[in-house]
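Protein chains: 2
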Amino acid sequence: MNVRFYNAKVLCLKDDAKREYQAIEGELWVRGDAIAYIGDGSDTESVLKPGETILWDREIDAGGKLLLSGFKNAHTHTAMTFLRSYADDLPLQDWLFQQVFPREGQLTEDDVYWLNILGIMEYLTSGITSNFDMYFFPPVDAKASADTGFRTVQTSGLNNFGGTVELLEENYHIVNEMSDLTSFIVGFHAEYTTSMELMEGVAKLAQKLHSPLFMHNSETKSEVEECIGRWGRTPTQLTEDLGMYEYGGGGYHCVWMDDKDFEIFKKRGLTAVTNPASNLKLASGIAPISRYLKEGIAVAIGTDGPASNNCLDMFREMFLTTALAKVKDMDAAAVPAKEVFYMATTAGARAMGLSDCDDLAVGKKADLIMIDLMQPNMQPENNLVKNLVYSGSKQNVTMTMVNGRILYENGVFHIGFDPKEIYTKANAIIGRMK
Amino acid sequence: MNVRFYNAKVLCLKDDAKREYQAIEGELWVRGDAIAYIGDGSDTESVLKPGETILWDREIDAGGKLLLSGFKNAHTHTAMTFLRSYADDLPLQDWLFQQVFPREGQLTEDDVYWLNILGIMEYLTSGITSNFDMYFFPPVDAKASADTGFRTVQTSGLNNFGGTVELLEENYHIVNEMSDLTSFIVGFHAEYTTSMELMEGVAKLAQKLHSPLFMHNSETKSEVEECIGRWGRTPTQLTEDLGMYEYGGGGYHCVWMDDKDFEIFKKRGLTAVTNPASNLKLASGIAPISRYLKEGIAVAIGTDGPASNNCLDMFREMFLTTALAKVKDMDAAAVPAKEVFYMATTAGARAMGLSDCDDLAVGKKADLIMIDLMQPNMQPENNLVKNLVYSGSKQNVTMTMVNGRILYENGVFHIGFDPKEIYTKANAIIGRMK
Numbered sequence: 002m003n004v005r006f007y008n009a010k011v012l013c014l015k016d017d018a019k020r021e022y023q024a025i026e027g028e029l030w031v032r033g034d035a036i037a038y039i040g041d042g043s044d045t046e047s048v049l050k051p052g053e054t055i056l057w058d059r060e061i062d063a064g065g066k067l068l069l070s071g072f073k074n075a076h077t078h079t080a081m082t083f084l085r086s087y088a089d090d091l092p093l094q095d096w097l098f099q100q101v102f103p104r105e106g107q108l109t110e111d112d113v114y115w116l117n118i119l120g121i122m123e124y125l126t127s128g129i130t131s132n133f134d135m136y137f138f139p140p141v142d143a144k145a146s147a148d149t150g151f152r153t154v155q156t157s158g159l160n161n162f163g164g165t166v167e168l169l170e171e172n173y174h175i176v177n178e179m180s181d182l183t184s185f186i187v188g189f190h191a192e193y194t195t196s197m198e199l200m201e202g203v204a205k206l207a208q209k210l211h212s213p214l215f216m217h218n219s220e221t222k223s224e225v226e227e228c229i230g231r232w233g234r235t236p237t238q239l240t241e242d243l244g245m246y247e248y249g250g251g252g253y254h255c256v257w258m259d260d261k262d263f264e265i266f267k268k269r270g271l272t273a274v275t276n277p278a279s280n281l282k283l284a285s286g287i288a289p290i291s292r293y294l295k296e297g298i299a300v301a302i303g304t305d306g307p308a309s310n311n312c313l314d315m316f317r318e319m320f321l322t323t324a325l326a327k328v329k330d331m332d333a334a335a336v337p338a339k340e341v342f343y344m345a346t347t348a349g350a351r352a353m354g355l356s357d358c359d360d361l362a363v364g365k366k367a368d369l370i371m372i373d374l375m376q377p378n379m380q381p382e383n384n385l386v387k388n389l390v391y392s393g394s395k396q397n398v399t400m401t402m403v404n405g406r407i408l409y410e411n412g413v414f415h416i417g418f419d420p421k422e423i424y425t426k427a428n429a430i431i432g433r434m435k
Numbered sequence: 002m003n004v005r006f007y008n009a010k011v012l013c014l015k016d017d018a019k020r021e022y023q024a025i026e027g028e029l030w031v032r033g034d035a036i037a038y039i040g041d042g043s044d045t046e047s048v049l050k051p052g053e054t055i056l057w058d059r060e061i062d063a064g065g066k067l068l069l070s071g072f073k074n075a076h077t078h079t080a081m082t083f084l085r086s087y088a089d090d091l092p093l094q095d096w097l098f099q100q101v102f103p104r105e106g107q108l109t110e111d112d113v114y115w116l117n118i119l120g121i122m123e124y125l126t127s128g129i130t131s132n133f134d135m136y137f138f139p140p141v142d143a144k145a146s147a148d149t150g151f152r153t154v155q156t157s158g159l160n161n162f163g164g165t166v167e168l169l170e171e172n173y174h175i176v177n178e179m180s181d182l183t184s185f186i187v188g189f190h191a192e193y194t195t196s197m198e199l200m201e202g203v204a205k206l207a208q209k210l211h212s213p214l215f216m217h218n219s220e221t222k223s224e225v226e227e228c229i230g231r232w233g234r235t236p237t238q239l240t241e242d243l244g245m246y247e248y249g250g251g252g253y254h255c256v257w258m259d260d261k262d263f264e265i266f267k268k269r270g271l272t273a274v275t276n277p278a279s280n281l282k283l284a285s286g287i288a289p290i291s292r293y294l295k296e297g298i299a300v301a302i303g304t305d306g307p308a309s310n311n312c313l314d315m316f317r318e319m320f321l322t323t324a325l326a327k328v329k330d331m332d333a334a335a336v337p338a339k340e341v342f343y344m345a346t347t348a349g350a351r352a353m354g355l356s357d358c359d360d361l362a363v364g365k366k367a368d369l370i371m372i373d374l375m376q377p378n379m380q381p382e383n384n385l386v387k388n389l390v391y392s393g394s395k396q397n398v399t400m401t402m403v404n405g406r407i408l409y410e411n412g413v414f415h416i417g418f419d420p421k422e423i424y425t426k427a428n429a430i431i432g433r434m435k
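Heads up: the sequence lines are chains A and B, in that order.
My numbering puts the first sequence at residues 2 to 435.
My numbering puts the second sequence at residues 2 to 435.
Just so you know, these hints were derived from the structure itself, not from any lab.
Just to be clear, a hint being listed does not mean it is correct.
As the list claims (entries may be wrong) - Derived DSS-like pairs (lysine-lysine); straight-line CA-CA distance at most 27 Å:
(1) B:435 with A:329
(2) A:435 with B:426
(3) A:66 with B:421
(4) A:435 with B:66
(5) A:435 with B:19
(6) B:222 with A:426
(7) A:222 with B:329
(8) A:329 with B:426
(9) B:329 with B:222
(10) A:19 with B:426
(11) B:435 with A:339
(12) B:66 with A:421
(13) B:426 with A:66
(14) A:15 with B:435
(15) B:421 with B:19
(16) A:66 with B:19
(17) B:339 with A:295
(18) A:329 with B:295
(19) B:339 with A:435
No experiment lies behind these values; they were computed from the predicted model shown.
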């Protein structure tokens with residue numbers, strides 16, 4: 002689509018290293034799937050040949066609203082929407098083994114397709130423009146994204162109970178070749194669910210494909226202790242020794258890390274994807290975010306799946322990322338808002354291999370959202386980034402655009418499906434399992 | 002107003018002691034300021050005399066939406082809206098002494114009036130129908146509520162730097178007599194800001210007026226240690242010894258409590274008002290919610306002021322109340338959702354002396370909200386109360402009614418003021434101080 006936004010404030014990086022942001026007042030032009038212009042409108046000749054005009058599909062008066070880079074949900078299991086509010090307030094082991102696993106075993110590919118779409122709808126309401134997803138049937142998960150126009154990076158949840166390294170490689174190619182909107186990074190579930198043979202196979206595959214690698218890493222204290230018991234090393238050290246990070250990557254959760262783990266993350270340029278709401282709700286712990294920043298290790302933010310959170314809301318995750326760091330360190334100055342906003346946008350995009358979606362700038366993909374500042378929680382306008390991180394809400398999201406297409410605007414979805422049909426299907430799927 | 006809601010789901014208590022809820026499908030009638038009927042519509046003769054009809058001001062097709070009791074924000078400093086995103090990411094002492102106090106000293110009564118209205122607007126978007134407010138100029142704070150139609154319970158922030166016991170008593174009468182929507186409970190700021198002489202005066206006043214009493218209590222570890230240093234007792238024990246709780250009351254925050262403090266709360270029937278977002282952001286700690294429940298002590302929930310949170314969102318507070326308890330106890334089963342919902346509605350109302358606003362039932366005040374369930378974060382409908390506590394959002398609030406009047410509906414405020422005017426004033430007030 003060719004879309005011209007005018008009367009807008011465009012929030013973008015001013016200084017990447019310092020995480021300094023500016024709000025440019027004026028216009029943002031989208032041509033096809035990319036950003037063609039950002040400025041006050043006085044220098045548009047830089048993008049137009051003499052005499053050239055653009056045929057606009059839409060010209061949108063932003064009325065002073067804020068355009069910003071869409072949020073990157075850097076760890077999730079989208080299709081777990083069916084289990085929302087179904088199994089909560091339970092000890093972790095009961096939750097996983099009595100509630101989650103038996104029901105996941107009943108999911109068909111068709112179920113997973115529809116449950117993905119429900120999750121994608123929720124992402125759009127929260128200003129999320131791409132996800133880094135691990136679930137059953139990655140080609141199906143990816144197809145749900147491609148069909149709705151959402152951007153997804155899939156990884157594998159390979160473990161002892163499902164999947165093979167061969168299937169992982171096959172899915173890598175299927176998803177990477179499916180659509181401009183879909184890509185795949187090598188991964189597996191976690192050390193505690195995966196045999197040495199499989200882990201060695203995954204490491205070799207990442208090397209062969211020159212792929213970064215991600216897994217659930219050090220989410221709980223007992224996971225780390227048991228890994229040390231089995232292999233004499235933490236999950237990070239074991240997977241490093243197996244040669245998993247020759248092309249980078251990172252871990253999901255990364256709550257319980259020792260000094261050597263931090264060193265490996267630093268040396269390999271790995272990203273720690275934090276999932277604060279899930280880590281609270283499942284009583285896993287509080288991640289050492291200040292330490293990552295101190296060490297210069299990239300941090301991205303994910304919601305985790307809707308069964309363990311239970312919502313897919315990056316505003317909540319952003320607030321928690323800084324607020325939990327503050328209480329963990331007992332230091333109200335820990336992890337400033339601008340660092341958190343950077344994690345939720347730029348750092349997330351880069352961890353997901355989406356460096357062309359990491360900021361609003363000419364030539365970048367048009368993955369962007371619009372925020373209504375004329376609402377009480379966004380006033381006064383003392384500091385826009387702080388308003389977003391500390392008091393922002395899904396309620397403020399008036400538009401979500403992915404790859405140049407408006408998928409959500411003023412509460413209405415433009416994804417090719419009737420929301421009511423999706424809700425009916427989701428209720429029927431869990432209804433079948435009760 | 003006489004308002005008939007039909008095609009609604011009405012969420013109300015089924016068993017108070019067990020915190021069990023039911024969703025009655027059908028109608029809810031509001032007559033004047035109170036609820037006149039809840040049911041499936043087949044037994045309305047119980048509220049109508051033979052031949053009587055009600056002249057409806059509005060008949061609202063709820064279209065399957067959920068009606069529930071409005072949230073009670075049981076501790077806040079509403080007018081601090083001007084400092085939102087102005088002083089964050091700072092150590093607590095710098096925040097308070099260099100940023101907050103000098104600017105608060107410049108506030109006029111007129112400023113506080115407008116800043117209150119900004120806060121009230123935010124409450125309405127979050128489904129909050131009443132607040133328990135402590136700030137300068139309680140009669141002005143109360144007038145802002147009365148003028149907009151919002152329900153408020155005011156208390157005093159009396160301390161060494163402002164106010165007298167005489168003024169407190171005067172405000173008690175002014176606010177209690179101002180309007181049906183305004184009431185006043187005796188209180189003072191905190192032990193660490195208040196002389197023994199003043200505290201003794203406040204205790205006598207509470208006894209004289211037969212009033213419950215509230216104060217900031219044991220918010221930080223150092224506050225408790227310093228109180229023990231000064232008086233050989235914790236703030237709870239000191240104020241109990243001073244005779245402050247003869248008519249009940251409670252404390253705000255209540256993070257750092259010892260065994261004897263719990264005993265006093267139990268014996269006196271006091272309420273611990275928890276403020277989880279503020280306690281994180283200011284690095285105060287995590288309150289012992291499970292212990293309160295175990296001891297049978299009532300817990301209510303507050304946002305604290307917008308300078309220390311920074312938003313006035315009861316959905317965020319509800320999630321944090323359970324999620325932080327889970328990580329504090331390292332037990333994913335701690336503090337179930339239904340307990341949290343009860344805190345945010347029933348327990349809050351009772352702590353604030355609003356027992357006629359503590360549930361949706363015939364004869365209760367019509368302080369209620371409408372939630373759109375046909376949104377992705379509310380689907381599937383496995384458990385409505387869990388959906389509200391774990392994945393609910395301001396985005397789902399389509400209507401907020403206080404005392405039978407609709408003050409907020411589908412994003413539009415009906416409070417007698419133009420939102421833009423309020424935003425302009427708020428920006429001007431903080432602008433003057435920069």
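Hints versus structure:
Restraint check for residue 435 of chain B and residue 329 of chain A: not satisfied, since their Cα atoms lie roughly 32 Å apart, outside the 27 Å limit. Taking the CA atoms of residue 435 of chain A and residue 426 of chain B, the gap is near 54 Å; set against the 27 Å cutoff, the hint is violated. Distance check on the hinted pair: residue 66 of chain A and residue 421 of chain B sit about 14 Å apart at the alpha-carbon level, within 27 Å; holds. Between residue 435 of chain A and residue 66 of chain B the alpha-carbon distance is near 24 Å, which keeps this suggested pair within the 27 Å criterion.
The straight-line distance between the Cα atoms of residue 435 of chain A and residue 19 of chain B is roughly 24 Å, inside the 27 Å bound, and the hint therefore holds. For the given pair, residue 222 of chain B sits about 50 Å from residue 426 of chain A by alpha-carbon distance, which is inconsistent with the 27 Å threshold. Restraint check: the Cα-Cα separation between residue 222 of chain A and residue 329 of chain B comes to about 14 Å, which is no more than 27 Å; the hinted pair holds. About 37 Å separates the Cα atoms of residue 329 of chain A and residue 426 of chain B, which puts this hinted pair outside 27 Å; it is violated.
The suggested pairing of residue 329 of chain B with residue 222 of chain B holds, with an alpha-carbon distance near 16 Å, which does not exceed 27 Å. Between the alpha carbons of residue 19 of chain A and residue 426 of chain B the distance comes to roughly 33 Å, so the proposed pair goes past 27 Å and is violated. For a cut-off of 27 Å, the pair hint linking residue 435 of chain B to residue 339 of chain A stands: about 21 Å separates their Cα positions. Annotation: proposed proximity of residue 66 of chain B to residue 421 of chain A holds, straight-line Cα distance about 14 Å (limit 27 Å).
Distance check on the hinted pair: residue 426 of chain B and residue 66 of chain A sit about 19 Å apart at the alpha-carbon level, within 27 Å; holds. Straight-line distance between C-alpha atoms of residue 15 of chain A and residue 435 of chain B comes to about 23 Å, which keeps the hinted pair within the 27 Å bound. For the suggested pair residue 421 of chain B and residue 19 of chain B, the alpha carbons sit about 45 Å apart, so the restraint of at most 27 Å is broken. Between residue 66 of chain A and residue 19 of chain B, the direct Cα distance comes to roughly 46 Å. Violation of the 27 Å bound is thereby established for this hinted pair.
Among the hinted pairs, residue 339 of chain B with residue 295 of chain A is inconsistent with the structure: their alpha-carbon atoms are about 40 Å apart, more than 27 Å. Distance check on the hinted pair: residue 329 of chain A and residue 295 of chain B sit about 25 Å apart at the alpha-carbon level, within 27 Å; holds. Between residue 339 of chain B and residue 435 of chain A, the direct Cα distance comes to roughly 21 Å. Compliance with the 27 Å bound is thereby established for this hinted pair.
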